[in-house]
Structures are given as structure tokens and as C-alpha cells.
Amino acid sequence: MKEFKAAIFDLDGTLIDSNSVWEKIDRKILSKRGIKATNEEIVRMASMTYEDAAEFMQSLGVKETASELISEFNELAVSEYRNSIFLKEYVKEYLDKLKNDGVKMAVATASPKALYEPVLRHNGIYSYFNTFCCTEEIGKSKDYPDIYLLAASRLNVMPEQCMVFEDILKGVASAKNAGMYVVGVYDKYSADDVVTIRTVADRFIQSFYEML
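Per our numbering, residue 19 is the first one in the sequence shown, and the count goes up by one each step.
You may find that some hints are simply not true.
[Stated by the list, open to error] Okay, derived cross-link-like pairs now, PhoX-like style, lysine-lysine, Cα gap no bigger than 25 angstroms in a straight line: (1) K106 with K42; (2) K46 with K110; (3) K206 with K42; (4) K131 with K117; (5) K188 with K131; (6) K81 with K42; (7) K23 with K81; (8) K106 with K23.
[Said to hold, decoys possible] Pairwise CB distance ranges (calculated): (9) S225 with Y162: 24 to 30 angstroms; (10) E73 with A209: 30 to 36 angstroms; (11) G157 with L78: 22 to 28 angstroms; (12) L94 with E58: 35 to 41 angstroms.
It should be emphasised that the hints constitute simulated quantities derived from the structure, not laboratory data.
Since the model is a prediction, treat every value here as computed from it, not as a measurement.
Where a beta carbon is used, it is the ideal one built from N, C-alpha and C, also for glycine.
The task is simple: from the sequences and hints, build the whole structure.
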């Protein structure tokens, strides 16, 4: 990290092991409406962005709008994020290393403050971050580089001085388009995209242990 002044982290599937919770939430939403989905479809949805998951549910027959579905996602997730979701292995150790090295840190996530704040506090790392950015506040998904550029601006560093950690292909590609060094992080829910993520990212890790 000596050549980088800042580290920007995705939340779900990168810092925290949360995608199994989204499986449960997706099943609950579909079941409530009497809609069946295969296990493969549920796993795919768990790794999608909010917008993509809402669109996929609509393709299965859900009538609500994307914004209505996203609100329902978040309402169902609040309790889980406060109590039941934990860090991925060696995240805390790596954040300690960055903190000791004086590296600025940010979270760039699709999850709103009502989710990211309690899960980070519950896991004792909220205070590690200098700023938090979510797609909700900028009105653009991670299909676009805006969230990463906003994080860099708030950290007062240039994009090329940032290292970004992401587990999904869209995030990896957008962070690259922002001019940042990108580390792809393995998550089983994004396993189908691993080959492409390895190609697009500057580096790929199975675990944060590799960054130590």
C-alpha cells in the first residue's frame, strides 16, 4: 500500500459475509407472493445489486416497482445486519494494518446507512473508516464509477491513489473505469464471474490473508 494513499471497500461479500442473508430475504419476498424460484436463481440474486435483483424478481412475476422492492429488501435486512452478520476472515487484521500505516479508508456500498452502520459497529470496525458512500445518495448504481469517485473526493485523494476491493464484476469494472487499482475479492456468490473478474481486476485474492 505504500504507493496508495487510500483504500475503498465494498461491503457485502467483500468486508462482510452477508450474501446468505440475502438468499433468505429473497426467498421470503418471493414466497410471500406465491412465486417459486430455483436454488440457482436464489443464489444468483443474492450476489446481484439491488437494482438487478429487483429486475430479476419482476421477471419472475413480482409486480412491485424496483424502489418498492428495494425498500422491502432493506426493511427485512435491518435485524440481520444489527445482530447476525460477521466479517469475512482476516478483514479486521488487514484493516488494523492499514490503520497503523496511516492509510485513509472508505466504504462504498449499495446498502443504505440503516444497514452499513449497525453491521460495522456490531463488528467493531465502524471507526476505522474516514467516510461512507452509498449508491442511494448519488442516485446511480455500481454500473457507474460515480460512487468510487465520490469516495476518493471525500478522502481528498486522486483516483489513481486509491485501491478498491470489490467482489462483484460490475463493481470491479466500474472502479477500473474510475482509474483506480482494483483487487477482486472471492465470494462464492460471485463464483460464476471469477474468470472475468480476474481478467478485469489488477489483482485477485481468495482471502484478505493474502494482503497481510
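Outcome of the hint check:
A distance of roughly 19 angstroms separates the Cα atoms of K106 and K42; the hinted pair therefore holds under the 25 angstroms criterion. About 31 angstroms separates the Cα atoms of K46 and K110, which puts this hinted pair outside 25 angstroms; it is violated. Distance restraint check for K206 and K42: the Cα-Cα separation of roughly 16 angstroms lies within the 25 angstroms cut-off, and the hinted pair is therefore satisfied. About 22 angstroms separates the Cα atoms of K131 and K117, which keeps this hinted pair within 25 angstroms; it holds.
For the given pair, K188 sits about 21 angstroms from K131 by alpha-carbon distance, which is consistent with the 25 angstroms threshold. For the hint pairing K81 with K42, the CA-to-CA distance comes to about 20 angstroms; that is within 25 angstroms, so the pair holds. A threshold of 25 angstroms between alpha carbons decides the hint, and for K23 with K81 the separation of about 46 angstroms lies outside it, so the pair is violated. Our distance criterion of 25 angstroms between C-alpha atoms is met by K106 and K23, whose separation comes to about 23 angstroms.
Separated by about 29 angstroms at the C-beta atoms, S225 and Y162 satisfy the suggested range of 24 to 30 angstroms. One distance hint, 30 to 36 angstroms for the beta-carbon pair E73 and A209, is violated here, with the actual separation near 21 angstroms. At about 26 angstroms, the beta-carbon gap between G157 and L78 stays in the expected band of 22 to 28 angstroms. Take L94 and E58: their Cβ atoms lie about 22 angstroms apart, and the range 35 to 41 angstroms is violated.
Violated hints for the displayed structure, listed by number in ascending order: 2, 7, 10, 12.
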